[in-house]
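Chemist: For the record, the sequence lines run as chains A, B, C and D.
Start counting the first sequence at 1; every next residue gets the next number (this note's numbering).
Start counting the second sequence at 1; every next residue gets the next number (this note's numbering).
Start counting the third sequence at 1; every next residue gets the next number (this note's numbering).
Start counting the fourth sequence at 1; every next residue gets the next number (this note's numbering).
No wet-lab data here; the hints were simulated from the structure.
What you are looking at is a predicted structure, and each value in this text was computed from that prediction instead of being measured.
Don't be surprised by glycine CBs; every beta carbon is placed ideally from N, CA and C.
Heads up, a few of these hints could be off.
Said to hold, decoys possible - Short derived list, chain D residues pointing at chain B, Cβ under 10 Å:
(1) 198
(2) 215
(3) 219
(4) 227
(5) 249
(6) 330
4 protein chains.
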Amino acid sequence: MQKINLGVIGTGRIGKVHIATLVQSVPRANVLAIADANLASAGEVAKSFGIMNVFKSHSDIINHQEVQAVVICSPTDTHAKFIVEAAKAGKHIFCEKPIDLSLEIIKGALDAVKKAGVKFMVGFNRRFDPNFMKLKQMVADGKVGQPHIIKITSRDPNPPSAEYAASSGGMFLDMTIHDFDMARYMAGSEVTEVYASAAVLVDPAIGKAGDVDTAVIILTFENGAIGVIDNSRKAVYGYDQRVEVFGSKGMVNADNNYPENHRYYSADGVHRSLPLNFFMDRYLEAYANEMKIFCDAVCDNAKIPVSGNDGLMSVAIALAAKKSNLEHRPVKLSEII
Amino acid sequence: MQKINLGVIGTGRIGKVHIATLVQSVPRANVLAIADANLASAGEVAKSFGIMNVFKSHSDIINHQEVQAVVICSPTDTHAKFIVEAAKAGKHIFCEKPIDLSLEIIKGALDAVKKAGVKFMVGFNRRFDPNFMKLKQMVADGKVGQPHIIKITSRDPNPPSAEYAASSGGMFLDMTIHDFDMARYMAGSEVTEVYASAAVLVDPAIGKAGDVDTAVIILTFENGAIGVIDNSRKAVYGYDQRVEVFGSKGMVNADNNYPENHRYYSADGVHRSLPLNFFMDRYLEAYANEMKIFCDAVCDNAKIPVSGNDGLMSVAIALAAKKSNLEHRPVKLSEII
Amino acid sequence: MQKINLGVIGTGRIGKVHIATLVQSVPRANVLAIADANLASAGEVAKSFGIMNVFKSHSDIINHQEVQAVVICSPTDTHAKFIVEAAKAGKHIFCEKPIDLSLEIIKGALDAVKKAGVKFMVGFNRRFDPNFMKLKQMVADGKVGQPHIIKITSRDPNPPSAEYAASSGGMFLDMTIHDFDMARYMAGSEVTEVYASAAVLVDPAIGKAGDVDTAVIILTFENGAIGVIDNSRKAVYGYDQRVEVFGSKGMVNADNNYPENHRYYSADGVHRSLPLNFFMDRYLEAYANEMKIFCDAVCDNAKIPVSGNDGLMSVAIALAAKKSNLEHRPVKLSEII
Amino acid sequence: MQKINLGVIGTGRIGKVHIATLVQSVPRANVLAIADANLASAGEVAKSFGIMNVFKSHSDIINHQEVQAVVICSPTDTHAKFIVEAAKAGKHIFCEKPIDLSLEIIKGALDAVKKAGVKFMVGFNRRFDPNFMKLKQMVADGKVGQPHIIKITSRDPNPPSAEYAASSGGMFLDMTIHDFDMARYMAGSEVTEVYASAAVLVDPAIGKAGDVDTAVIILTFENGAIGVIDNSRKAVYGYDQRVEVFGSKGMVNADNNYPENHRYYSADGVHRSLPLNFFMDRYLEAYANEMKIFCDAVCDNAKIPVSGNDGLMSVAIALAAKKSNLEHRPVKLSEII
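Given the sequences, and given the hints that come with them, work out the whole structure.
Modeler: Pasting the structure below:
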């Protein structure tokens, strides 16, 4: 079995998830080196996963002779720079979403990737959730016929701090971006227009910071389908992640996942547990599948399932949503991209 | 549309249910007369349902020239006597379960029915519950293949008084008798042996009165299938009525019914309402279907779906269960009947 | 028990439903007379339900001395006229939705009602569906806290003819109007703005007739909540009617209803039946509850739960949705009303 | 973090599961050596998991100086012998179920363990399934009150070969033994009597080999609860593993697990996937939890959650069930043990 030597840049929350997955669950992955500006933190991660090489600078990963592919988990504003460097160094690239908040910068990074001819994948992990993979397969198999309505509910268990909300580019670019990608993925078609209606209902501080915490967004697709997403930054019952595709021949949907499936019947009613609490639990399997698929595709020189264009389009839709909400009108993608 | 003139004997709890159903939901029924030893009670029922003739004695119903069929809802120990009288008077008969607690007396009553050539149906209403009708249809259509295991859960929301428990012939003859009929109905085969393991776990007074309140019963069927019933006199969460048929080609089951289907997601978990509380609610539709089918069958001279033999066999199985529990051994039906 | 003498105007599909309900399930209703321009049809209905007085003209009902309340089930364009006449005659009024397609005409009719001081109720039957009653109760009890997102899925099993689509005022006024009322009911607040995105995906003939068959609509409420409705004229799996209310303290939702609850496990998967097929089945109990509540309120001189204003607002929202879809922009209710 | 050096004896199906789990998911496990009579097979396993030491003989594991605990996955008839040897060598022991088919031999092995003072755990992995752990916790927390009925459905997707059926000691000792342990675990009480009613309905060859393939078993517990287990060797819809505990204060149950939770609504009905197909999938997490708990308990010198007595009792109940079925009568445990 051919293996691939990987270097991971960034050992924060998502970096650790990827490192753990790569070490424990991806047979073809060999995590050769990791880097983080916070060297001490990287050192601890390296120790607990038995990784030999630890660096402070991303350059040591990108220029490492034995590293064949880099996994970019550093802050968003470094993504494009690292992509360009890695592409020039001839390394294959896995990059966390979003690639960047600027379409120009994203385009520049993708140009570098194209010129270098390296493989590039964006971390839309939810595409690899077993529930949503099944939905996509059924849609692709024609089970729902022509898609008419794509419906996504996506609610977080707790709002981020107002500082994070502001610095992340806002809810559409930070949170809904996953749903935009999911909607495109399920529709099998491009978004042509966006209308977003948002509000601050959860935390006034988020509003003061210029962001929103509750939204309903309508997407118009080229193939005529209508998409609808509802978001909240705070669902007291936990992480709510549901998708439904309705079409001319039927409907398919996926519910939340639960830690176990007990039902308790007392004199007060019938009770079950809350859904899995947040993305680390809910999408654990999705993260593992994602990394397996990336490593397999690189090793086997196969097609990458989430392209640079997917990364670009999701940001474009998010920017359209932001503009729509600000200007209180439907916004065409062609105004944005 | 041909109608049938009915006389109802007994206006207690179940009598009232049948009268309401016949008046409101059975287009071919004409309730001509009702009778109850408690004439005042019968009078009130007659008034609220607009019934013209009210009698104290069952004979006035049975001998009423215009009455074509009688519905016997009087106490169990009068069933056989009324059946014989009605048969002799040439009336069709619907009789509540059980026909009697003595197999000899039942056989005598059924002989009278046979001689008179009148139609006779026993009130195993659960056969006409929409869930169980669907299960039966699927079993009859061969969807589960050869039945291997028939599994019935049947639990009451509250135990009867110890006095009732004793006078009714005990749990097997009063409560489980419905499950015995359901098991035979689903298996499409006769029971050959019974093993009952019972206990007094709910109310010691029931034990003192010589009865049990908790039981698991195994049935052996002629066709090789095994039946298993679990009973409790007290499920704090309400009336629990579930059936499952497992066979060579699949399994089909039916859950409880609920007053509505809301789900409430709070920070404490996911909640739904309790099942419909007791037989009046859960089997309301079954009672209506049962009466429609009886009236239709009489009017159209069609086959009655619950025969005298069904009434006989359910009592025989109950007596075998009682004997099995007392003698702590499997009891063959051939020892009983 | 005080009863009320009712006259029903219109014996088409919905008229028959109300007559059957009133006769069979509403103890306080006495259907004294019915009328239909098609006298033969009215005669048949009268015969099968044992109703004494049959008329060709609505005036014979409205002016009938013993009739205390009228139930208006005639075509929409007659509603306002009949309301005015009935109000002048001092009769209480139950009117099917929509009152009219013109806000001016509705206001005129409601003025007449106000002047006459009679009771008036609009037929938004879904408010009386047991599932949605439970949801409303939980929202009213504060179980979900402050409502943030009201989500309604409402899909019909089959599209109407293109002729009907055109003459009924279009999908928003004919079908979504129920959902607009439900959204207001659940939100407990008035709609201030509407954005509708609609398409013709089911039947091109509907498009040619100037109507749409698929839509997603966003509602903005005074209390800050966002409503979202998705509609289709054709769900191949049947009538799809779901409601979800998400708020600061939790979420409550209601699923579809099913004819029975069997589950079939074969080698191919796990299967259940389709939801109840259309509104006659799904909302049967709602129709009965609605009529009981109307008759009770009239007899007891109690508050009517669905007011003339409710009838007015739902039409206003529908008109705003129509305008929004045509003009491709969010439309404020204040532009309409 | 303290680790434990483990040696695994037997690299067949279950051996491989444990090795994979220990290597990939148990941080405190260090698989130092593995052994199998089939050395080539063991070699392959060692290679794919990077294990250094491979032996043909179990003695090389047991006597390996650095091995602190052995995991016995060899054929059942070697378990007791290896337990005795390992205990004498002072090694902690994890042994697959059943310990042996003879109560005398089991007692002998457990005596050796006791004398040596080593830790000993039997592989009843289902106790560590997240669903059943939740049920046990709720029962232990008093949520169901006093347990009255323990109900277990346990059906395999496919029957074993007739040869295997015979050599494994029969269905009760091979398959139902897991359910006997689960029933004891949930009841929190000892079984005093067993009645088993079994049949050959799946494969006549199993009957010819002296075994059964379908059964319903009633257990009587010291605390008064009644247990009921239904088994089949062939459920065409896959692996069916459900548990329900009913008591004085409520009921708690656990359903099957599914690979994903999609629902597909077509014109033919509503469909979902089949449950996880067999124990490798369904109990994957249980196997991992089991090994974590064993390694933790050894490292921390904590109490082992599945004792030698648990291993003994499950075999005793299985022998009683076998005798009950043969002699067609309830059998007391005191006749067996």
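Chemist: Interface hint check: residue 249/D, Cβ to nearest Cβ on chain B, cutoff 10 Å. Holds or violated?
Modeler: 6 Å, holds
Chemist: Quick one, is the residue 330/D hint okay against chain B at 10 Å, beta carbons?
Modeler: Holds - the Cβ of residue 330/D comes within 10 Å of chain B, reaching about 6 Å at its closest.
Chemist: Less than 10 Å between beta-carbons is the criterion; does residue 227/D satisfy it with respect to chain B?
Modeler: For residue 227/D, the interface hint holds, since the closest Cβ of chain B sits about 8 Å away, which is under 10 Å.
Chemist: Double-check residue 215/D for me: the hint is only fine if its C-beta lies closer than 10 Å to a C-beta in chain B.
Modeler: 7 Å, holds
Chemist: Under the criterion of a CB-CB separation shorter than 10 Å, is residue 198/D in contact with chain B as hinted?
Modeler: Hint holds; residue 198/D Cβ to chain B Cβ min 8 Å, cut 10 Å.
Chemist: Holds or violated: the hint that residue 219/D contacts chain B, with Cβ atoms closer than 10 Å.
Modeler: 9 Å, holds
Against the hints set out earlier in the document, no violation occurs for any number.
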